[in-house]
Every structure is written in C-alpha cells, then in structure tokens.
Amino acid sequence: MSTSSRTSDKPPADRLRGIEAVTDSGLAHLDVEHLLVELLDRVREVLGAETAAVLLLDEPNGQLVATAARGIEAEVYQGVRVPLGQGFAGRVAASRRPVTIENIDDADVVNPLLRERGIRSLLGVPLLAGGQLLGVLHVGTIELRHFDASDVELLQMVADRVALATQTRLSEAERTASVVLQRSLLPQRLPQVPGLEAAFRYSAGAGGTVGGDWYDMFVLPGGWVCVTVGDVVGRGLHAATVMGRLRSSLRSHGMAARDPGTVLDLVDRQLRHFEPGEMATAVVAFVEPSFECLHLSVAGHPAPVVAAAGGGGRYLDVPVDTPLGVASPSRRQVTTVDLPPGSVACFYTDGLVERRAEPLARRLNLLEEVVVAAPPEKVCTTVMNRLIGRERPSDDVALLVVRRQDGHLAPLDVSRPAVASSLGEIRAAVRRWLAQVDASPADVTDLLLAVGEATSNVVEHAYGPQGGTVTVRIELQPPEVVVTVQDNGRWRSPRGTNRGRGSHIMAAVGEVSVTRRSGGTEVVIRRRVGAPEGQP
Amino acid sequence: MNAVRVEADTDDADVRFSLAGEIDLENAAVVEDQLLAAITNHTERVSLDLSGVEYLDSAGLRVLFHLADRLSTLQIEALLVAPADSPARRVIELSGLAQLVPLDPPDRSGGPAQPGVR
Numbered sequence: 333m334s335t336s337s338r339t340s341d342k343p344p345a346d347r348l349r350g351i352e353a354v355t356d357s358g359l360a361h362l363d364v365e366h367l368l369v370e371l372l373d374r375v376r377e378v379l380g381a382e383t384a385a386v387l388l389l390d391e392p393n394g395q396l397v398a399t400a401a402r403g404i405e406a407e408v409y410q411g412v413r414v415p416l417g418q419g420f421a422g423r424v425a426a427s428r429r430p431v432t433i434e435n436i437d438d439a440d441v442v443n444p445l446l447r448e449r450g451i452r453s454l455l456g457v458p459l460l461a462g463g464q465l466l467g468v469l470h471v472g473t474i475e476l477r478h479f480d481a482s483d484v485e486l487l488q489m490v491a492d493r494v495a496l497a498t499q500t501r502l503s504e505a506e507r508t509a510s511v512v513l514q515r516s517l518l519p520q521r522l523p524q525v526p527g528l529e530a531a532f533r534y535s536a537g538a539g540g541t542v543g544g545d546w547y548d549m550f551v552l553p554g555g556w557v558c559v560t561v562g563d564v565v566g567r568g569l570h571a572a573t574v575m576g577r578l579r580s581s582l583r584s585h586g587m588a589a590r591d592p593g594t595v596l597d598l599v600d601r602q603l604r605h606f607e608p609g610e611m612a613t614a615v616v617a618f619v620e621p622s623f624e625c626l627h628l629s630v631a632g633h634p635a636p637v638v639a640a641a642g643g644g645g646r647y648l649d650v651p652v653d654t655p656l657g658v659a660s661p662s663r664r665q666v667t668t669v670d671l672p673p674g675s676v677a678c679f680y681t682d683g684l685v686e687r688r689a690e691p692l693a694r695r696l697n698l699l700e701e702v703v704v705a706a707p708p709e710k711v712c713t714t715v716m717n718r719l720i721g722r723e724r725p726s727d728d729v730a731l732l733v734v735r736r737q738d739g740h741l742a743p744l745d746v747s748r749p750a751v752a753s754s755l756g757e758i759r760a761a762v763r764r765w766l767a768q769v770d771a772s773p774a775d776v777t778d779l780l781l782a783v784g785e786a787t788s789n790v791v792e793h794a795y796g797p798q799g800g801t802v803t804v805r806i807e808l809q810p811p812e813v814v815v816t817v818q819d820n821g822r823w824r825s826p827r828g829t830n831r832g833r834g835s836h837i838m839a840a841v842g843e844v845s846v847t848r849r850s851g852g853t854e855v856v857i858r859r860r861v862g863a864p865e866g867q868p
Numbered sequence: 266m267n268a269v270r271v272e273a274d275t276d277d278a279d280v281r282f283s284l285a286g287e288i289d290l291e292n293a294a295v296v297e298d299q300l301l302a303a304i305t306n307h308t309e310r311v312s313l314d315l316s317g318v319e320y321l322d323s324a325g326l327r328v329l330f331h332l333a334d335r336l337s338t339l340q341i342e343a344l345l346v347a348p349a350d351s352p353a354r355r356v357i358e359l360s361g362l363a364q365l366v367p368l369d370p371p372d373r374s375g376g377p378a379q380p381g382v383r
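Here the protein sequences come in this chain order: A and B.
Every position in the first sequence, counted from 1, becomes a number in the working numbering once 332 is added.
Every position in the second sequence, counted from 1, becomes a number in the working numbering once 265 is added.
Please keep in mind that the hints were generated in silico from the structure rather than gathered at the bench.
Glycine included, every Cβ here is placed at the ideal spot set by N, Cα and C.
Where hints are given, some of them may not hold.
So, partial list: chain B residues that the calculated Cβ filter (under 8 Å) puts toward chain A [as the list claims (entries may be wrong)]:
#: 1; residue: V271
#: 2; residue: D274
#: 3; residue: L326
#: 4; residue: P352
#: 5; residue: S360
So the derived list for chain B, only partly shown, Cβ under 7 Å to chain A, looks like this [stated by the list, open to error]:
#: 6; residue: A302
#: 7; residue: S323
#: 8; residue: R335
Go ahead and model the full structure; you've got the sequences and the hints to work with.
In structure tokens form, the structure reads like this:
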C-alpha cells in the first residue's frame, strides 16, 4: 500500500493566500453556513482533499454537530453528532490539537459516513477563538495520504481565521435573534384599563445586547389587574428565552393564584425544577378591581416607588423574599398598599438605578425625587431622562408606571363660534365625553338634546350679525351630569312661528336654570344619570 | 354640514320619506326643502320614517310641525314612523307633535287614531 504525498512546494503562507479571501470583506455578508461552505471548497482545492467538514460544538450536550460539509454533505443532512473525546473529530476537540489519520482502517472513527464515502486519510484541526473551542475542521482524501507538517500548519491557519469569523457571525446572529426574540417576548402595548393608566419604557443595554428584563401588565378574571417587572440574571439570547418562559408562567399562574405571593412561589418552583441554575428577581402586584389598593410580593427585587397625589415619591417599605430559582423559601410575604385616587406606582429593574461610576444610594435617592403623581407617560419620560440621560445604560432597563385616575372625570370644555355649523362638532365632543360616563342610551339622548337646544338658542338669539362665541362645559357631579352653556351676547325674544320648543325640551330632560346678566347668558342643565337610587 | 340623508320613494299618490343622520339648526332648512319638493298637489299620503335619525332637536321639530300644518291644510294624510327609544321618538313625544300627526308605533299617551296602519 503506497502512501502518496501531495505536499506542495510552496510554503504554507503562500498557499494560504489562495483561501485568504475567505475572511475578506467580499464574504462579509455571508451567514455562518454559507461562509463555511465557501471556505470548505477553497480548502479542498488547496489541500487536494475530496471532503471537508466543519462540526461546531454543542456545549450543553458535549457533542460536535456537523454544520457545513463539502464532498460529504450527508453529514449535515443527517445532523451527525460526535461526542467529545470519541471518534476522530471528538479527539481533535478534546485534545484541542491537530490529529491525522493516515489509514482509516487502523483508527477509531465514530461516523460511518466517512467509511461509506471511501475516505482513507483524515486531517482535523480544532477551531479555537480566544482560547475557546468552537468546533472542528477536518478534510479527508480517498487516496491514502500522508498529511505533513506543512498541511497541518496550513489547515490550522485557516481554522484560526474561520474560528474568528464564525465567532463574530455567531454572536451577531445571536444578538439579532435575541433582539427579535425580546421584542416578541415583551408586550408592545399595555392593556387599556379605564381608570388605571399605564406606560412603560424598555431600553437594551450597552452594545444593544438584550438581557432578561421584563415588564408586563394584564387584566385577570374579575377585574383584577396584575403588574409585574423582573430580571433574569444573565444576558443575551439565553436570558431572553428564560425571561419569555417566566413571563408566560406569570400570566398563567396569575390566572389561577389568589395572591402575588402564590404566583411567585409557583414560578419559583417551576424555575428550580425545569431550569435549575437560573435565577431571577421579580415583583408581582395585584391591583384590586376597585383600584383602592394593591397587593404585592417581592422576590429579591428593588422596591417600587409610589407617589400620592400632591406628594413626593417614596420607596415602598416591603419585605423582600429570596429571588426566584435559588432556594426553597419559607412562605412568600404579601404586602397591601393603599392606592388613593391620582397616585402613581413605579416599577423598574436594577439597570435603572445601577451605574458603575455613581454610588447606588445617590441613584436611589434620585429616583425617589423624580417620581411624582403625574400621568404615567410623563413620569416615564422624566425618569428615563433624569436617570439614563445621555449615557447608554450598561444593563438593560425596564420601567412600568401605573396611575390610578382621579375619582372624577375631567370636565369637557368646548368653545366655538356661535354659528350653526358648530353644533354638530359640539355634539360629537359631548358624545365622546358621555361615553366615559356610566350613562344609559336615554341619558345620552337627553343630554345631547339639552346641549343641542341650549347651543342652538345661542346661535339663533344671542348675537347680532357680528356673531360671537358659544361655550359648553359638561362635568360629572355624581350622580348628576351638569351642562353649562354660556354666551356673552344680549338676547332678543324669539321670532317667527313654531318657536319656543327648545326651552320646553330642555325642561323635560333636566333641571334648567337660566341666568341673564348684562355680559351674557348662562344656562345650566342638571340631569341625573345611571340607574335611579334604590334600583339595581 | 352634518350628514343627513333624505330619500323619497314616490308610488302613485303615496310619498314615503326615509330620513337618516343628524338634523339640527344647520341643515333643517335643507331637509325642509327636500321634503316639500317631493310632495306634489297629487300626493294623497305622506309617511316619514325617522328610524335612522340619530339626532333631532327643536330646529328639526319646527320642520315637522310646519310640514304637518301644511299637509293638514292640503288634506294629505300623514304618518310619522319612529321606533320606541329612538332619539327622534323621544323629541316627538316631548313636543306634542303626536297630537297632530299619527305616530307609528302608536303614542302611548294616546294620540289620534291611525288610519290604515298595519
């Protein structure tokens, strides 16, 4: 049996030039698999080999997985896996050194495809990047072949470049995937809950890499509202996927559990059972259907900040139980906090308050200072502006702010030219406003009539040819809706026939009072809305 | 201009109007013109279906009262169709128009008997 030697006369560096283009910018657009395929063709050519293949390390399983192959494509099609330390590729990976096999008949080879393909001689080198094993690159010949030192050196040089390019592309792919995943795992909008406004912000950390932060708000059966933020320890795709699973668990346990402590306990057990080694911090709050108070439980997470109407922000004094996934805790504690009308609760992850160059205490104080009982969008804007500012946070940041609306609905004020074409517009505004009140269709019909008659009167009788303005204010003074229509003209008595029905209609739909002054007229119509007292 | 639609379906001596939308001070005169234009000296019966009317105030009532008055003078039969709980029905009941023109369904407070209804 003769062994052929096809060692080129050229030194390895010259031969390498032929495949150097593999890592050049012309191939920069290729993804990992296409890049490898391109490379393998060039390697085969330069080394005069029939087959070339790359197996990448699947670390959790301790296996090498065929990822790209030329001349022996079935390896990829069949998803060949080789355990570390076993067979030819496994030995290359385990030893992290080049391995040559001159005659496959004398060697331990796991992969039957190599023999089936008629491969006689093999050369394999590790793919190493920054001392980290990424996989194995190997070539094979059908003829018996003695791979010499120059062949080994050449293949290893190629492998080093490939490893770098692969690593870059893999981490880019992961980064892209985790951003996409994160986007799909986090709610893009929060539910509209009348009486409970909410707003959120999410910012990926430095380099755009995602982490495991989440925020969520959902309505539970019976009108309870669950608000949660949390943080899976770690970064990147892995943390994002764990976060996604936790978030859906929080929703399903939220449906079944009676309190936030039980929700966290169930999620904790789930994490320890199915994903041992993972850790997360979280706060879960249940807002009562009346919005009067919220019940919350905290798992190793920074305490939310609350601000009552007219007051400043303060950290909630809540007991902090162990994070999720670390140890079986004793019973998780639930704290009940009042949520008076107009007050705000601010939930966040530690990326908001942790910044390397600054003491944590100062950041925490700053947050307490900037949270006020304002509309949530405004609070979010202020918080991000003051705490993040112009410096990209190193960690990702999630922020969720909820606010219980004031007890009363803001009044509607409309002022329009006193002309007939304003009437439809005024009615439309009144309709929208009434939609927020617990008014029956009959209430709506009658109140529209009251506003319509009063404003028509102004248009017809208040002003001379120079015209003027009609002003409508409608407000809720439970259990009544109060309509005030004003003008600043001087009334004249109605002219023509079939007049005067407007006042009759107004009087029928509500309690009317008319005040005439030298500066104008004010008509006030009060009407009780909703079910009369004593009726269901 | 508020959206209002007046459709007239003339069948021999019968004119059936169907009104929809909002009728107020701004467009009441237009509605009146359209109604009067479709009624001729040969018309014997006029019905106005107000089922599709979402808003009607005293400006619209003025048109209806005026029309009722004219039709009565010309001895043309008139009928107003306004379902219970409709916005038009509410205003008509408040105004006493049912005292002049039969209403379908009939006025609970008992207006004039309705010739040839149903």
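Hints, one by one, checked against the model:
no.: 1; hint: V271; result: violated, 17 Å
no.: 2; hint: D274; result: violated, 27 Å
no.: 3; hint: L326; result: holds, 6 Å
no.: 4; hint: P352; result: holds, 5 Å
no.: 5; hint: S360; result: holds, 6 Å
no.: 6; hint: A302; result: violated, 20 Å
no.: 7; hint: S323; result: holds, 4 Å
no.: 8; hint: R335; result: violated, 12 Å
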